[in-house]
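Chains as they are written, first to last, in this note's numbering: chain V, 52 to 220; chain F, 52 to 220.
I should point out that these hints are in silico values taken from the structure, not numbers from a laboratory. Since the model is a prediction, treat every value here as computed from it, not as a measurement. Heads up, some of the hints might be wrong.
Which copy? The list can't say, so a pair holds if one copy fits it or any two copies do.
[Stated by the list, open to error] Here are the computed lysine to any residue pairs in the SDA-like style, where the Cα-Cα straight-line distance is at most 20 Å:
#1 Lys206 <-> Arg96
#2 Lys206 <-> Phe81
#3 Lys206 <-> Leu102
#4 Lys212 <-> Asn170
#5 Lys212 <-> Pro99
#6 Lys58 <-> Gly161
#7 Lys146 <-> Thr127
#8 Lys85 <-> Ala98
#9 Lys206 <-> Glu94
#10 Lys206 <-> Ala95
#11 Lys58 <-> Phe187
#12 Lys58 <-> Arg165
#13 Lys146 <-> Arg66
2 protein chains.
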Amino acid sequence: MPLTMYKLSVPAFIRGFSALGGLLDKAEAFASEKGMPLAELFEARLAPDMLPLAGQIQRASDTSKNAIGRLTTIETPRFPDEERSFAELRERIAKTVAFLETIRPGDLEGSENREVTLNFTKLKVTFTGEDYLLQFVLPNFYFHITTAYDILRHKGVPIGKADYIGGLG
Amino acid sequence: MPLTMYKLSVPAFIRGFSALGGLLDKAEAFASEKGMPLAELFEARLAPDMLPLAGQIQRASDTSKNAIGRLTTIETPRFPDEERSFAELRERIAKTVAFLETIRPGDLEGSENREVTLNFTKLKVTFTGEDYLLQFVLPNFYFHITTAYDILRHKGVPIGKADYIGGLG
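I would like the entire structure built from these sequences, with the hints used as guidance.
Next up, the structure:
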């Protein structure tokens with residue numbers, strides 16, 4: 052079976068969200084055991100001007116669904132970043148995964164050659180679909196899953212590498 | 052041009068190390084400006100039982116070169132984790148990149164079907180080369196680059212997402 056744009060994206064995203072779900076489970080158990088308000092983990096961040104846990108999950112969601120939107124002509128759902136609780140973060144993850152599960156391998160056929168343009172504040176970057184996925188989407192997606200992990204680890208939640216890679220593997 | 056195991060690995064690793072090099076530059080400039088001993092950044096970590104900055108770089112190095120070793124019959128260099136300074140971390144990065152630059156696309160031809168077995172303390176996992184790269188190597192590689200970034204960001208080094216993704220892009 053050849054490598055495909057589908058294999059590199061949708062299953063990887065779904066595995067990432069499965070890992071995230073497991074991290075949230077352990078975070079909730081930890082907070083409950085320590086009598087720590089869940090809001091303390093929800094809003095935890097590694098630097099004052101970095102996104103908190105909730106933001107990392109929202110960006111992982113957007114990175115994955117927007118990648119599909121840019122690599123295909125499929126309309127992607129909009130999620131307005133209004134989550135206020137762990138339950139709502141889980142709902143955001145579930146809605147993202149539900150969308151990803153509608154994607155079929157054929158939907159991404161030929162997307163390696165599709166032109167993708169990103170408009171940043173200061174510059175505009177045009178990629179082939181393949182470069183966009185390999186050089187932008189995957190590094191960004193894993194950035195947000197890892198940073199969610201790092202935030203929880205920094206707050207003392209007893210998680211280990213297997214909770215990150217196990218969910219991904 | 053079809054997607055290949057080479058495209059998914061070697062160039063992504065080299066971009067990651069280029070991003071890491073840029074992060075070290077900014078970390079050194081920050082330490083010098085603040086009169087902070089470089090050792091404070093070298094040994095910084097996000098949790099007492101997590102690897103420090105140096106360890107994240109050593110693991111990124113091993114993840115990339117060992118992936119090539121497991122996906123081919125090429126002998127990989129051994130680097131004994133003896134780095135004690137920023138200069139030595141840069142040397143570790145340079146040696147890793149020098150090895151990666153010797154790899155040709157043809158070296159990884161057919162590696163998607165190669166059987167790769169990993170022996171962990173508690174279990175043994177066998178992957179196809181493709182699953183090993185997509186489900187283990189890439190998530191792990193980006194984990195260590197991101198955590199190096201997160202450690203420096205947590206210590207106050209003025210870096211931003213572009214320093215991560217820019218080096219990768």
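Which holds for Lys85 with Ala98 at a C-alpha limit of 20 Å: within a copy, between copies, both or neither?
-> Result: close only across copies, 17 Å inter versus 23 Å intra.
Alpha-carbon proximity between Lys206 and Leu102, which holds within one copy, between copies, both or neither at 20 Å = both (15 Å within a copy, 15 Å between copies)
Measure nothing new, just compare the shortest in-copy and cross-copy C-alpha distances for Lys212 and Asn170 to 20 Å and report within, between, both or neither.
-> Classified as between: cross-chain Cα gap 15 Å, same-chain 34 Å, threshold 20 Å.
Are the CA atoms of Lys146 and Arg66 at most 20 Å apart within a copy, between copies, both, or neither?
-> Only inside one copy: Lys146 and Arg66 sit 15 Å apart there, 32 Å across copies, limit 20 Å.
Homomeric proximity label, Lys58 with Arg165: Cα distance no greater than 20 Å | Both, since 17 Å and 17 Å are each at most 20 Å.
Using 20 Å as the alpha carbon limit, work out where Lys212 and Pro99 are close: within a copy, between copies, both or neither.
-> For Lys212 and Pro99, only the inter-copy Cα distance (15 Å) is at most 20 Å; the intra-copy one is 25 Å.
Between Lys58 and Gly161, at a C-alpha cutoff of 20 Å, which is it: within one copy, between copies, both, or neither?
-> Classified as both: same-chain Cα gap 13 Å, cross-chain 17 Å, threshold 20 Å.
Are the CA atoms of Lys206 and Glu94 at most 20 Å apart within a copy, between copies, both, or neither?
-> both (11 Å within a copy, 19 Å between copies)
Go through the copies and call it for Lys146 and Thr127: within, between, both or neither, with a Cα cutoff of 20 Å.
-> The answer is within: 11 Å in one copy meets 20 Å, while 43 Å across copies does not.
How would you label the pair Lys206, Ala95 (within, between, both, or neither) given a Cα cut-off of 20 Å?
-> both (8 Å within a copy, 15 Å between copies)
Give the relationship of Lys206 and Arg96 under a CA distance limit of 20 Å: within one copy only, between copies only, both, or neither.
-> Cα proximity of Lys206 and Arg96: in one copy and across copies (9 Å, 12 Å).
Go through the copies and call it for Lys58 and Phe187: within, between, both or neither, with a Cα cutoff of 20 Å.
-> Both, since 16 Å and 14 Å are each at most 20 Å.
Every hint, counting from the list given before, is met by this structure.
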